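Top line first, the protein sequences correspond to chains E and Z. With this note's numbering, letter number 40 in the first sequence gets 455, and the count goes up by one each step, no holes. With this note's numbering, letter number 198 in the second sequence gets 613, and the count goes up by one each step, no holes.
Since the hints were derived computationally from the structure, they do not count as laboratory data. Computed from a predicted model, the values in this text were never measured in an experiment. Don't take each hint at face value.
Since copy identity is lost for identical chains, a pair holds within one copy or between any two.
[To be verified] As a list, the in silico BS3-like pairs of lysine-lysine whose alpha-carbon atoms are at most 30 Å apart:
id	residue 1	residue 2
1	K417	K543
2	K666	K574
3	K543	K475
4	K418	K665
5	K443	K678
6	K517	K471
7	K418	K543
8	K574	K418
9	K574	K443
10	K543	K612
11	K518	K543
12	K518	K574
13	K658	K518
14	K543	K666
15	K518	K475
There are 2 protein chains.
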Amino acid sequence: MKKFLQTLECDTKIINEYLENYCGSLPKNTVGEAVRYSLMSGGKRLRPSIVLETAKVLGKIDDNVMRLAAAIEMIHTYSLIHDDLPCMDDDDFRRGQPSCHKKFGEDNAVLAGDALLNCAAELLLEGKYSLNYINAVRFVFSCSGIFGMIGGQAIDVSKTKNLDYETLDFLTENKTSKLIMACVGAVCLYFDVSAFKFDCFISFAEKFGKAFQIADDMLDEETDENLNYVSLLGIDDAADILKQLSDEAKKLIETYDSDGFFKSLCDFNLLRKI
Amino acid sequence: MKKFLQTLECDTKIINEYLENYCGSLPKNTVGEAVRYSLMSGGKRLRPSIVLETAKVLGKIDDNVMRLAAAIEMIHTYSLIHDDLPCMDDDDFRRGQPSCHKKFGEDNAVLAGDALLNCAAELLLEGKYSLNYINAVRFVFSCSGIFGMIGGQAIDVSKTKNLDYETLDFLTENKTSKLIMACVGAVCLYFDVSAFKFDCFISFAEKFGKAFQIADDMLDEETDENLNYVSLLGIDDAADILKQLSDEAKKLIETYDSDGFFKSLCDFNLLRKI
Numbered sequence: 416m417k418k419f420l421q422t423l424e425c426d427t428k429i430i431n432e433y434l435e436n437y438c439g440s441l442p443k444n445t446v447g448e449a450v451r452y453s454l455m456s457g458g459k460r461l462r463p464s465i466v467l468e469t470a471k472v473l474g475k476i477d478d479n480v481m482r483l484a485a486a487i488e489m490i491h492t493y494s495l496i497h498d499d500l501p502c503m504d505d506d507d508f509r510r511g512q513p514s515c516h517k518k519f520g521e522d523n524a525v526l527a528g529d530a531l532l533n534c535a536a537e538l539l540l541e542g543k544y545s546l547n548y549i550n551a552v553r554f555v556f557s558c559s560g561i562f563g564m565i566g567g568q569a570i571d572v573s574k575t576k577n578l579d580y581e582t583l584d585f586l587t588e589n590k591t592s593k594l595i596m597a598c599v600g601a602v603c604l605y606f607d608v609s610a611f612k613f614d615c616f617i618s619f620a621e622k623f624g625k626a627f628q629i630a631d632d633m634l635d636e637e638t639d640e641n642l643n644y645v646s647l648l649g650i651d652d653a654a655d656i657l658k659q660l661s662d663e664a665k666k667l668i669e670t671y672d673s674d675g676f677f678k679s680l681c682d683f684n685l686l687r688k689i
Numbered sequence: 416m417k418k419f420l421q422t423l424e425c426d427t428k429i430i431n432e433y434l435e436n437y438c439g440s441l442p443k444n445t446v447g448e449a450v451r452y453s454l455m456s457g458g459k460r461l462r463p464s465i466v467l468e469t470a471k472v473l474g475k476i477d478d479n480v481m482r483l484a485a486a487i488e489m490i491h492t493y494s495l496i497h498d499d500l501p502c503m504d505d506d507d508f509r510r511g512q513p514s515c516h517k518k519f520g521e522d523n524a525v526l527a528g529d530a531l532l533n534c535a536a537e538l539l540l541e542g543k544y545s546l547n548y549i550n551a552v553r554f555v556f557s558c559s560g561i562f563g564m565i566g567g568q569a570i571d572v573s574k575t576k577n578l579d580y581e582t583l584d585f586l587t588e589n590k591t592s593k594l595i596m597a598c599v600g601a602v603c604l605y606f607d608v609s610a611f612k613f614d615c616f617i618s619f620a621e622k623f624g625k626a627f628q629i630a631d632d633m634l635d636e637e638t639d640e641n642l643n644y645v646s647l648l649g650i651d652d653a654a655d656i657l658k659q660l661s662d663e664a665k666k667l668i669e670t671y672d673s674d675g676f677f678k679s680l681c682d683f684n685l686l687r688k689i
């Protein structure tokens with residue numbers, strides 16, 4: 416776990432430097448400031464770290480890999496800005512700081528979210544292009560769109576009162592897992608790995624994404640009013656499923672997990688406090 | 416003008432069929448419905464028609480051109496959905512129908528806008544790819560982003576009380592002209608035309624975009640509370656500048672305007688009632 420935390424710290428540093436540098440090119444207006452504020456507000460950088468570690472296993476980190484990592488973090492950040500809006504989850508705080516709309520107003524928060532999704536597209540399209548790279552970029556947007564992350568949010572805002580286990584799984588797969596699937600899947604496509612390898616990574620990300628959501632629900636147990644795994648199953652059954660999913664995820668990836676990063680990622684999720 | 420209106424009608428039909436077909440693939444949930452409602456609510460389809468007519472002049476309409484046309488209309492539509500939100504312009508109606516958030520709620524309207532921008536990226540990335548096509552796609556997103564359309568909106572929401580002519584021009588160039596520049600510029604890049612030709616088309620679009628905004632301001636004279644060309648210059652001076660810009664735009668494009676579409680487009684803008 417110590418090695419894993421060092422790796423994560425190192426990746427976070429690389430990503431923060433990259434994003435900080437990117438933010439330097441943003442216009443000096445309120446929306447530019449809101450984008451920078453949200454992007455640099457101390458996220459865990461788990462998604463872009465997964466991109467970098469997948470690249471280390473399957474090839475190497477190059478400029479295009481950095482673009483994929485940064486763009487996925489931009490997409491994640493825009494989804495949080497819009498999620499926090501009064502008409503959505505109405506959250507005044509994010510990572511202990513005022514949420515984007517509390518700090519810059521709702522209008523600027525809507526635009527900052529829009530800008531970040533557009534920035535992701537711009538950043539990705541400026542990459543050195545090849546068929547494999549374009550396949551990777553396409554995969555990112557298919558994971559973040561109406562059949563992916565946005566599709567999950569669409570169910571989330573519908574606030575179905577009688578959310579059953581199947582619907583919650585569908586919601587989680589789309590809202591949470593799909594963007595993690597983007598992290599590994601885009602790198603698999605970029606390095607044009609075999610279908611079998613691609614399937615191992617994608618299935619790992621799907622299981623890990625659900626495990627990550629259950630761990631989140633367990634941490635939010637007392638504050639979250641929405642239906643989630645804990646409220647639906649009870650804390651003990653939720654913990655059992657979390658453990659089981661983590662084991663399955665580790666099993667799926669072990670052949671390719673030469674540095675043990677993905678195993679430790681699952682263990683880290685079991686232990687995490689935030 | 417009759418020939419122009421027939422061309423526009425024909426292009427609109429082609430675009431509507433394409434978008435209708437696209438909407439058939441959307442998920443059957445509220446966000447999918449909100450996307451379809453907004454995309455098919457009877458817009459003039461001016462931007463995608465400009466894409467098609469530019470393609471006719473510079474090459475021919477193929478599948479990639481259709482993708483560019485449809486994606487730009489999706490980007491335009493998402494910007495209208497978010498613009499209409501209570502925290503932005505707070506408009507209850509759009510094209511005589513309830514605006515997206517009045518019909519589906521603010522949360523679904525935010526997600527429908529996000530989904531449309533993501534759909535534009537997905538649709539474009541599924542095109543048959545070549546360096547020229549990727550250059551075209553990249554140009555679209557640079558026009559719609561924080562240094563383009565969103566940048567213009569950022570000034571718009573700042574509601575500067577002392578908006579001067581220069582700032583209003585900057586706002587208009589970004590908020591309105593850039594997406595029209597995307598329509599012609601993307602096609603120029605796709606067909607890899609000379610720098611001179613590219614410059615003619617882009618300069619035309621810039622002038623026409625401003626003329627289009629002034630005509631809009633003149634039509635909105637009695638209802639718009641924001642500062643605009645009419646409130647800043649008075650109706651007579653605004654009309655003079657509109658005429659002058661239209662003449663300049665026509666002059667810039669006349670060498671390439673074999674069918675007279677772009678000349679008629681400027682004349683149409685001078686005469687339009689909506």
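Results for each hint:
Within a single copy, K417 and K543 get their C-alpha atoms no closer than 35 Å, and across copies no closer than 46 Å, so neither meets the 30 Å cut-off. Taking the closest pair of Cα atoms, K666 and K574 never come within 30 Å of each other, the shortest separation being 34 Å inside a single copy and 56 Å across copies. In this homomeric assembly, K543 and K475 come within 30 Å of each other (Cα to Cα) both inside a single copy, at 15 Å, and across copies, at 28 Å. Taking CA atoms no more than 30 Å apart as the test, K418 paired with K665 passes inside one copy only; the shortest distance there is 17 Å, against 66 Å between copies.
Proximity of K443 to K678 under the C-alpha cut-off of 30 Å is found in neither arrangement, the shortest distances being 42 Å within a copy and 38 Å between copies. Taking the shortest Cα distances, K517 and K471 never come within 30 Å of each other, neither inside one copy (39 Å) nor across copies (48 Å). Taking CA atoms no more than 30 Å apart as the test, K418 paired with K543 passes in neither setting, with 32 Å inside one copy and 44 Å between copies. When the C-alpha separation of K574 and K418 is checked against a cutoff of 30 Å, the pair qualifies neither within a copy, at 41 Å, nor between copies, at 51 Å.
Taking the shortest Cα distances, K574 and K443 sit within 30 Å of each other only across copies (16 Å), while inside one copy they are farther apart (38 Å). For the homomeric pair K543 and K612, the shortest alpha-carbon distances inside one copy (24 Å) and between copies (26 Å) are both at most 30 Å. Neither within a single protomer nor between protomers do K518 and K543 lie at most 30 Å apart by alpha-carbon distance, with minima of 37 Å and 43 Å respectively. With identical chains, the CA atoms of K518 and K574 are at most 30 Å apart both within one copy (27 Å) and between copies (17 Å).
In this homomeric assembly, K658 and K518 never come within 30 Å of each other (Cα to Cα): the closest approach is 39 Å inside a single copy and 43 Å across copies. For the homomeric pair K543 and K666, neither the shortest alpha-carbon distance inside one copy (34 Å) nor that between copies (38 Å) is at most 30 Å. With identical chains, the CA atoms of K518 and K475 are never at most 30 Å apart, being 39 Å at best within one copy and 49 Å at best between copies.
In summary, the structure is inconsistent with hints 1, 2, 5, 6, 7, 8, 11, 13, 14 and 15 from the numbered list given earlier, while agreeing with the others.
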